[in-house]
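S.K.: Spelled out from the first residue to the last, the chains are:
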Amino acid sequence: MRLMLNKQKLYWSLQAGGWSLYAIVQIAASVIASDGLGISSQRIVFLAYEAIICFGVSHGYRYYINKWRWLNLGLSRLIPKVIVSVFGLGLLMYFLRIPISMPLGLFSVSVAFDPQNILGLSFYYAIIFFIWSALYFIYNYFERYNKSLKLEAYARAIELSNLKSQLNPHFIFNALNSIRALVDENPAKSKQAINQLSSILRNSLVTEKRELTRFNDELKIVKDYLGLESIRFEERLHTEFIIDPQSKEFLVPPLMIQTLVENGIKHGISRLTEGGLIQIKTSIENDKLNIQIRNSGRYVNGVKRTSGGMGLENTRQRLRLIYGDAATFRILTENDSFVLTEITIPHINSL
Amino acid sequence: MRALIVDDERLARKELIKLLEEHPSIEVVGEAMNADEAEQMIIELNPDLLFLDIQMPGRTGFQLLESLDSAPLVVFTTAYDEFALKAFEVNALDYLLKPIQPERLSEAVQKINEKERSRGGRPKDKKLGLEDQVFVKDGDRCWFVSLNNIRLFESDGNYIKVYFDNNRPMIHKSLNALDEKLDERAFFRASRKHIINLSWVEGIEPWFNGGLMVKLKGGDKVEVSRRQAAKFKDMMSL
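So the protein lines, in turn, are chains F and G. First residue of the first sequence: 1, per the numbering used here; consecutive thereafter. First residue of the second sequence: 1001, per the numbering used here; consecutive thereafter.
You may find that some hints are simply not true.
Covered, in the sense of this in silico footprint (three residues per stretch, anywhere, with C-beta under 8 Å from a C-beta of chain F), are these stretches of chain G [as the list claims (entries may be wrong)]:
| hint | segment |
| --- | --- |
| 1 | 1007-1021 |
| 2 | 1068-1082 |
| 3 | 1153-1165 |
| 4 | 1190-1202 |
Quick caveat, the hints were computed from the structure, so don't treat them as lab data. Even for Gly, the Cβ is constructed at its ideal location relative to N, Cα and C.
Modelling step: build the complete structure from the supplied sequences, incorporating the hints.
M.R.: Okay, structure coming up:
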């Protein structure tokens, strides 16, 4: 609403300013053309009136542009319409100035209806209105383009924040429950667990706002996360890390690896009565970071569990939004007993 | 009351046992770490009460209950499970959120004690009587239904349609197996397709071929086959 009002205001001030300038230039040109002889006051009044009529005519013209939505037309359809219109407007201008020149005593029939005069002056006004049209359309196109860019950036930001991973409340409460039991059984271990949990919570609070985080920070979250899950799952959960030391040079979307590891536990290990293995392995190839997450279990393609399907789809979309086509993501069953989730992401230098 | 704790996490079981020490009315008779183990222990120990986790490796807590002939009293325990919470709230089932708050546990125990009193203790024989309850799940909705409220079982392929209130959910069982479990003083096998609750019978009319048409409260009508009609007359006249 505010924007609309501002736009209206801008239009009126440009109209008023533009046509005033036009009148001043015309008068100045007349004075110069008079070679020091000066010009009559009637001439000045006439030129001022002319500018006012131009103001009115161009405003009416704008009314039709809006009414017939010419801003939505392609250039090939717009240009002929504009050309025909400006010639029409030129002719209209020519006849509108007659009633004004009459009372000022500047009118003579032979001059006014001389075809050469009519054509010449109409053409002159047509050019003036053509310039007006050009300015009007260029301004509007530019503004529209700008707005669509802003909208696009805004939509992307919203989409990205919706896709961002969050800590799963199920995990947090289960962890707290295990820690409470651990307080009696193994106080030292329970302290360590509280440290791990608070480190995860703090990290997730900080990184949730960011688009990217350092690989090592993410790895720490994953390690803390798995530390807590192994309190819960005890001997049912085995973990293994094979990390290329160069991985720390990379930036990754926060909580993305954690989410995939959690998926592996939720849909893999936690469903296996005898438990299983989670392995996280990274390597670098052609300046791209390859992350492989393996978990015991089998990948059931499709939407067996809606929540799981959503998580993977989110990851895919998030990668696409951040890296375009430069990142890859896949999930598959390996040797019938492991699920492999693999992402490859390019090197981005700045946070 | 004799309780069985079903949870896949050792620490979670331990914590609950510790909390239950404050409640001498509850005696923990066993711990199971998955649905299969629990099912076995329910048969052996015949507990009055289950503390049941929903998400476990293998079958879920809901699936365990569905497989039981009759459900003991149940208190669900879960950390956070949107779907389960919805089911609990819609159906006013008793549940505890982990970590379990001692006050909430006291409330739950109190409620259970009241329920147990009103049920008047379960009869020792294994037949299912009117005071028993079954667990029924139909999509997202689930119920503990007292057999008292079930007017009719109708077989439908491999399933049984259970009629109570305005609901007719299906359970995956055979009518013959169910018939063997039900107390014959309360339920009657009217035909190949139907078992009726005798306390719901409102009227009886003679029918073709020496059969009977039984009208149940609520309007359902069930045909009693000729073979069963004599037996039925016998029972109702007593």
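S.K.: Mind checking, does the segment 1153-1165 of chain G have 3 or more residues with a CB under 8 Å from chain F?
M.R.: violated (count 0)
S.K.: In terms of beta carbon proximity below 8 Å, does the segment 1068-1082 of chain G have 3 or more residues touching chain F?
M.R.: holds (count 3)
S.K.: Count the residues of the segment 1190-1202 of chain G with a beta-carbon closer than 8 Å to any beta-carbon of chain F: does the count reach three?
M.R.: violated (count 0)
S.K.: Three residues or more, CB to CB closer than 8 Å: is that satisfied between the segment 1007-1021 of chain G and chain F?
M.R.: Contact hint for the segment 1007-1021 of chain G vs chain F: holds, 8 residues under 8 Å.
Violated hints, listed in ascending order, are 3 and 4; each of the other numbered hints is respected by the structure.
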